[in-house]
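Protein chains: 2
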Amino acid sequence: MVDIARGSALGSSGASELFQLLRDGQPRTRAELATLTGLARSTIALRVDALMRLGLIGPVGDAISTGGRPSSQFALNPTARLVLAADIGASHANLAIADLSGTILVQHAEALPVSDGPERVLSWVVDSGRSLIAKIDRDAADLISIGIGLPGPVEYSTGRPINPPIMPGWDRFDVPGWMQQHWDVPVLVDNDVNIMALGERAVAWPDTEHLIFIKVATGIGAGVISSGRLQRGAQGIAGDIGHVQIARGIGVPCHCGNRGCLEAMASGPAIARALRDTGVEVESGHDVVELVKHGNIDAVQAVRQAGRDIGEVLTACVSLINPSIIAIGGAMSQAGEHLIAGVREVVYTRSMPLATEHLSIVQSRAADNAGVIGASMLAIHHALSPESIDAMA
Amino acid sequence: MVDIARGSALGSSGASELFQLLRDGQPRTRAELATLTGLARSTIALRVDALMRLGLIGPVGDAISTGGRPSSQFALNPTARLVLAADIGASHANLAIADLSGTILVQHAEALPVSDGPERVLSWVVDSGRSLIAKIDRDAADLISIGIGLPGPVEYSTGRPINPPIMPGWDRFDVPGWMQQHWDVPVLVDNDVNIMALGERAVAWPDTEHLIFIKVATGIGAGVISSGRLQRGAQGIAGDIGHVQIARGIGVPCHCGNRGCLEAMASGPAIARALRDTGVEVESGHDVVELVKHGNIDAVQAVRQAGRDIGEVLTACVSLINPSIIAIGGAMSQAGEHLIAGVREVVYTRSMPLATEHLSIVQSRAADNAGVIGASMLAIHHALSPESIDAMA
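Residue numbers (the numbering used here), protein chains in the order written: chain B, 1 to 393; chain H, 1 to 393.
For the record, the hints were derived by calculation from the structure and aren't laboratory data. Glycine is no exception: its CB is placed at the ideal position from the N, C-alpha and C atoms.
Partner residues aside, some chain B positions facing chain H, computed with beta carbon under 10 angstroms: (1) R229; (2) A234; (3) H243; (4) A355.
Construct the complete structure from the given sequences, taking the supplied hints into account.
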């Protein structure tokens, strides 16, 4: 039967449809594109030209062409455009420039307190971003979008932090608006644990539809992917499990004002405090990790107990959303298998066999780069969406 | 620009695109459909004819036509085709015939033990379904699809129950295959709590993207809707929260073989047992509900405590997926506000303010019909999907 218009109904140029076909990296000829889409050859030619002008696709296969005929195959040109990815933590920031395939081309991390406020932190993102782009001999105009992770609740639709507890001066700050004074490209902002979940999935579990990423550091939080999609919830705070009360915590005050929260018992500072109470000299979660690496038995036991506490909260999470992967990251996960062992002990003991039979509880494989990789995924996914392509074309 | 083919790329007739436009019930003329889709008038004419032959759309607006010209507007014809919806519980079954808008046209419920096995139960569904269709003077051939809810884990993709604890003879039984010997239409099968979540949302919260439905009856389970989509999880057992351990339950044996499960403390039979232990003469959850309705203070307190136990598990759930509605249904929810009050007490006390500020914890509004309405939604959604429409056209 005759073809049906979707592009025109939405008022789009339709270039996006062609692009979505080429996005897989598979080279295709104009003839193949015509067969796959049902479009007229003349239309294909126009759209291929538009996408080439944008630099999103390019000719490929010159090597296999014979007899001097120019290649007629086209594919995604992943290096043509760039994204800037920033993972802003409580005290450190990690910045990367990635191409459209998500490959990190250059990267820089440094100590940067988020409490310095939005203008100082975002100025650093802009300045360092420009330096990184220059370092790889590229042009600032090659940037197609920006992804930023922040250590607090973010209203994803507007990119504004909402009552972030450790980010003075950031409440409801218009992060995309400020950034766009410097770079007029789409700016996506999300909670840091959410982007870590995206990064972890991209690096290690691309085919997994149901994944929970747990960050255990100064705080404790989760990023939730269900049905292949990052779940932000009704107020954008899905995954904020640090203040669920646990049995062992009864009476212990938490900085949130409540008592017995998971974060007050199993975060880096909480583990350090518990060790100090038993006479071990530690200041921070970092010290605890060092002690564990040196085989200190008190530190190992404290970390394992923290794992059990986290497992207690995760049993309900596992029953509720039935994930196939729980990946544990954040600074405290560098204590190695001891934290994971505590989590597994409780989750595997207390959950229904059907829920744990195919459940893997593992250390994050993306590790320190989960955040920037996830931020680049957010930026790339938006930039290459049909709506963005048609708006550019 | 020229229109782009999506239909042809998928090998479809494209009738679905036109139908998805008309599915909202808004009447449109052929000219309007041509403008909205970019299709040629001749193509529109062919597709309108195909959809009318299927009975899915019909002419409307005769009343406003003047001068004897026939009406040229078309819209979804919700009463043209029917779906059969079955909510099979542990001991009762509820059957309904609905039209394509989800309106229940006729309904029948009766005591039917699911333990009678699949052939007896499904034979009852077929026979009673035929009677209901005859009762409203319709033809069995008008049936377009069937939705069935079962009280156990179901592999949604195949419609087979998987290790259902209270359904002897049903393990891996091919429910769609058996039904299709009698009615050659698509058969969708899901867990009963999942379809209740769909039904509750359709009846009371159509605009809510994040909802948890809790069934409290002989067992306890949840149906989870995140980002507007029913979440089944990696093994299809998302929401199976009845066997999460709670603090108060330490040591209490559960029929699952574990100890301290929510279901062992807060289900109908568990509440009845707790009351018997204090000397109150009750046999079942139903008796407990009756006592509560008569103002028995022991029964009220026991039900409220069950609510607190459920709330304990829900605090982790609320933090993990950040819903805006928790609807509580199932037989024990007929104890009224006492159960809800216990849930609210714990969830509102123990959760972060941002997570509960816009969270409503309410009694199910769809009540006894949540299941059949949800089963009809499942059947309608499938039958009116683009793939189904193109397969029929």
